[in-house]
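Dock chain B against chain A, hints included.
Take a look at the letters that make up each chain.
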Amino acid sequence: MFDIEREIRDTRINLCLDCGKCTVVCPVAQHDPDFNPRLIAQRRLGQNSNISQDDTIWSCLSCYMCTERCNYHVRFPEFIHALRFEALEEGAQLQCAHGGTLQAAMHMMARGDLHQDRLGWLPHDVELSEQCDTIFFVGCAPYFDVLFSDLGVNTLDGIKGALRLLNRAQIPFNILANERCCGRDLLLQGDREGFLALARANMEEFARHNVRKIITSCPEGHYTLKVDYPRILGSTGIEVVHLTEVIAPLLRSGELNLGRLEKRVTYHDPCTLGRCSRIFDEPRQILEAMEGLELVEMEQNREKSLCCGASPWVHCGVVNREIQQQRLAQAEATKADVMVTACPKCQIHLKCAQKSGDVNVSQVEIQDLAYLAGRSLD
Amino acid sequence: MSNSEANIVVFACNWGGLSSVEAAAQARLSYPASVKVVRVSCLSRLHQGLMLKAFELGADGVMLLGCEPGKCQFDTDTGLITQEYDKARNLMRLLGLREERLQLAYVPRGDGSDFVGRVTSFVTEIEHMKPAVSGGA
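Sequences listed follow chains A and B, in order.
Numbering of the first sequence is given in the working numbering, commencing with residue 4 and proceeding in unit increments.
Numbering of the second sequence is given in the working numbering, commencing with residue 3 and proceeding in unit increments.
Hints may be right or wrong, so weigh each one.
[As the list claims (entries may be wrong)] Under 7 Å between C-beta atoms, here's a sample of chain B residues computed to sit facing chain A:
| # | residue |
| --- | --- |
| 1 | Ala-29 |
| 2 | Gln-50 |
| 3 | Gly-51 |
| 4 | Leu-54 |
| 5 | Lys-55 |
| 6 | Lys-89 |
Since the hints were made in silico from the structure, they are not lab data.
Using N, Cα and C, we set each Cβ at its ideal position, and we do this for glycine too.
Bound conformation, chain A alone:
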């Protein structure tokens, strides 16, 4: 099913000019001299390639900063995903973060006879339309809030905010009790079999409920359902939109109004929502629609936004921590009261850095975009 040589060609890696611009902008390369995208490409494309022995392939964050800068638009992160698949096939071992909990949960979620109990958090005042062919894809937030409870992570608050926004905008939707993780993390870490199992299980669930449209607030779920599922499984016939793409136009037209929030905030563009899905303006429009809110930008923003420092739950270490601290310092420099992000994983990784005990790490408040917008409705 996977033609790795063709995939590698499709990433345009053969157009690499050896210019090194990717390495200059790569956040990992700035902290880890052993990580060099250009040299990884040379090693793989040269003679005697032994990719399972190349530990550096696990350090890439899939932040797409290199692709943004590359004159030939080489899709280096996808090249890395293919190499990881090859390495796992050759017997390489993953260095899972969090004791492999997320990988175990994702593999168990792929089982056909699964009956999850994942909606216990759903507020009673949220209105669901059970026969509706539009669903809100919750993603892994219920799992994150259990697993990262000691970090003070509240990703479900973001989901509740999103649901309140949709209710207020009178957009009908249903929620599936047995949706699975989208599988993006398994895809990024090279576990294609695991990804396919989750993707097929989700597609069966969508078909069973005649789903025609999916709204989600998770940037990774959005990109995976919208781009990766059709690319790998073939056309899904389902329209996938991000919450901000639904809400921002209603705010512009005046059909929906948000409340007040007297805060100075800065917005952290999640890599997948920004550089992958090119959604930069809508989150900012939502923030600016809150009266009293002052939006300030960090030194690196929009297309140049710095990654939160960790990616698909593998290979997390000191380099990741340094990137997180760098990003938090950028937020601190804006003198913002709140750092807003639209991605649950960004929130987890940045809060993890804040809990490291290092007194030099900024303790700026981190909140979810949909949570703040939803709360302003009260």
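The following block gives chain B in isolation, referenced to the frame of chain A:
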């Protein structure tokens, strides 16, 4: 002792837990052969990832066998295991696995019959829940 098909993994702490498993062996006490004992240095070594991994690989039940509270070999029992145990059970509930499939048990050091009694009743309890390691129980 009847044969059981319930796949049980016991993570036993090297001190309290394992000493009772060994005492059971020395006293020739028997328990179902489907129980697999994995020795760990201390239950605090166990991450919820390892507990879930056992279920992912097909365990029907997982027992964590440790020292009685306040009797940790390493003096400073941090309560880490109860934190990880609670998280694992909450994750299991989300996954539709009955949380009773994971059990934390404290046994007195060297008490083989206590261990055998606990593990045997755990096996019986799990057998009543079958089928279902993969959810739906």
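Hint check:
1. Interface restraint check: B:Ala-29 against chain A, minimum CB-CB distance 35 Å, threshold 7 Å, status violated.
2. Proximity of B:Gln-50 to chain A holds as hinted, the smallest CB-CB distance being about 5 Å (cut-off 7 Å).
3. Among the interface hints, the one on B:Gly-51 holds; its C-beta lies about 3 Å from the nearest C-beta in chain A, closer than the 7 Å criterion.
4. For B:Leu-54, the suggested interface contact is upheld, since its CB lies about 4 Å from the closest CB of chain A, less than 7 Å.
5. Contact between B:Lys-55 and chain A, as hinted, is supported at the beta carbon level, the nearest pair being about 5 Å apart and thus within 7 Å.
6. Interface restraint check for B:Lys-89: the shortest CB-CB distance to chain A comes to about 6 Å, inside 7 Å, so the restraint holds.
Hint 1 from the earlier list is the only one contradicted by this structure; the remaining hints agree with it.
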